[in-house]
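2 protein chains.
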Amino acid sequence: MDTTTKQFRKRNAILAYLRQTKEHPSAEMVFTHLKPEYPDLSLGTVYRNLSMFKNKGEIVSLGTVNGVERFDGNTTPHVHFVCMGCEAITDLPQIAVPEALNQQVTGETGGVIDTCQLTFVGKCQACANKKGEAV
Amino acid sequence: MDTTTKQFRKRNAILAYLRQTKEHPSAEMVFTHLKPEYPDLSLGTVYRNLSMFKNKGEIVSLGTVNGVERFDGNTTPHVHFVCMGCEAITDLPQIAVPEALNQQVTGETGGVIDTCQLTFVGKCQACANKKGEAV
DNA sequence: TTCCTAAACGAGAACGTTTCTTATTTACAT
DNA sequence: ATGTAAATAAGAAACGTTCTCGTTTAGGAA
Numbered sequence: 001m002d003t004t005t006k007q008f009r010k011r012n013a014i015l016a017y018l019r020q021t022k023e024h025p026s027a028e029m030v031f032t033h034l035k036p037e038y039p040d041l042s043l044g045t046v047y048r049n050l051s052m053f054k055n056k057g058e059i060v061s062l063g064t065v066n067g068v069e070r071f072d073g074n075t076t077p078h079v080h081f082v083c084m085g086c087e088a089i090t091d092l093p094q095i096a097v098p099e100a101l102n103q104q105v106t107g108e109t110g111g112v113i114d115t116c117q118l119t120f121v122g123k124c125q126a127c128a129n130k131k132g133e134a135v
Numbered sequence: 001m002d003t004t005t006k007q008f009r010k011r012n013a014i015l016a017y018l019r020q021t022k023e024h025p026s027a028e029m030v031f032t033h034l035k036p037e038y039p040d041l042s043l044g045t046v047y048r049n050l051s052m053f054k055n056k057g058e059i060v061s062l063g064t065v066n067g068v069e070r071f072d073g074n075t076t077p078h079v080h081f082v083c084m085g086c087e088a089i090t091d092l093p094q095i096a097v098p099e100a101l102n103q104q105v106t107g108e109t110g111g112v113i114d115t116c117q118l119t120f121v122g123k124c125q126a127c128a129n130k131k132g133e134a135v
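In the order they appear, the protein sequences are chains A and B. The opening position of the first sequence corresponds to residue 1 in the numbering used here, with each subsequent residue numbered one higher. The opening position of the second sequence corresponds to residue 1 in the numbering used here, with each subsequent residue numbered one higher.
Hints may contain errors.
[Said to hold, decoys possible] Partial list, computed: chain A residues near chain B (C-beta under 10 Å):
{"id": "1", "residue": "H78"}
{"id": "2", "residue": "G85"}
{"id": "3", "residue": "T106"}
Simulated from the structure, these hints should not be mistaken for lab results. Fair warning: this is a prediction, and the values are worked out from it, not measured in the lab. Every residue, glycine too, gets a C-beta built ideally from N, C-alpha and C.
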């Protein structure tokens, strides 16, 4: 009846989208993006699978922006820029985060370092310009 | 009737605690700490004032740990270590975050950088050791 | 095919954190 | 004393996220 099996395995669609996009989406954003193609997709499924992928290390959480958790399908450690205006998260290319820091921190704390997040917070060009406009 | 005016201005007590403590507390932690001294303190008051101080730049948000926002009364930019086990946040002393990075990022994005957060995530010594124990 | 089992899912309830609303209290100036 | 504006307590409400449970699906066995 159906030409493909695409109505199954929404899980794969969720991971595929995370891998491909650069918007560092929230659960809601993933849901909104996939809903047209998978009309019977449930928000719970998105949450469930994001949580699973995160635990398996296939995706990474970037923490929350205004109370909403954001994810990144690119698990290679890199630096992010968060715009407080439009809430966009963008990758910052090629900023060297001294690898020696990890060892230094391990030495200081005596614990175990899993990840290191370097995030710049501010306003993107567009939002910075908006700032001056009339309200 | 009352010897002091200490039952007023809980707002000040909240800020004072943030300034003094190193536990990088959540709203709940602030509330729990101040409740004995201010028995009629309300959790809503803590949230309201934390939010106000944050907006005024008098304190800083460190983001959320397991869904709970954490604050720091020390607004001097510095590096943090978050233990995923006990959820403790500790300051990391004197790790140089190249100041030139800000300018580099400003150049890349064309926007405005407000802050730069460098956070290490892992397990503190105590929690790392617990890991091996029987469950 | 039909049956069976385990995984995946949808729908909505439940949960915990945070924000909002409203009435009360306080501080201070009149 | 009285008026006024800010601060507060209490609890309701909102929001994002997780959980529960009954259903559907995939894939293997008979």
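Each hint tested on the structure:
Interface restraint check: H78 (chain A) against chain B, minimum CB-CB distance 13 Å, threshold 10 Å, status violated. The interface hint given for G85 (chain A) holds, since its Cβ lies 9 Å from the closest Cβ of chain B, which is under the 10 Å cut-off. With 10 Å as the threshold, the beta carbon of T106 (chain A) comes within range of chain B, its nearest partner Cβ sitting at about 8 Å, so the hint holds.
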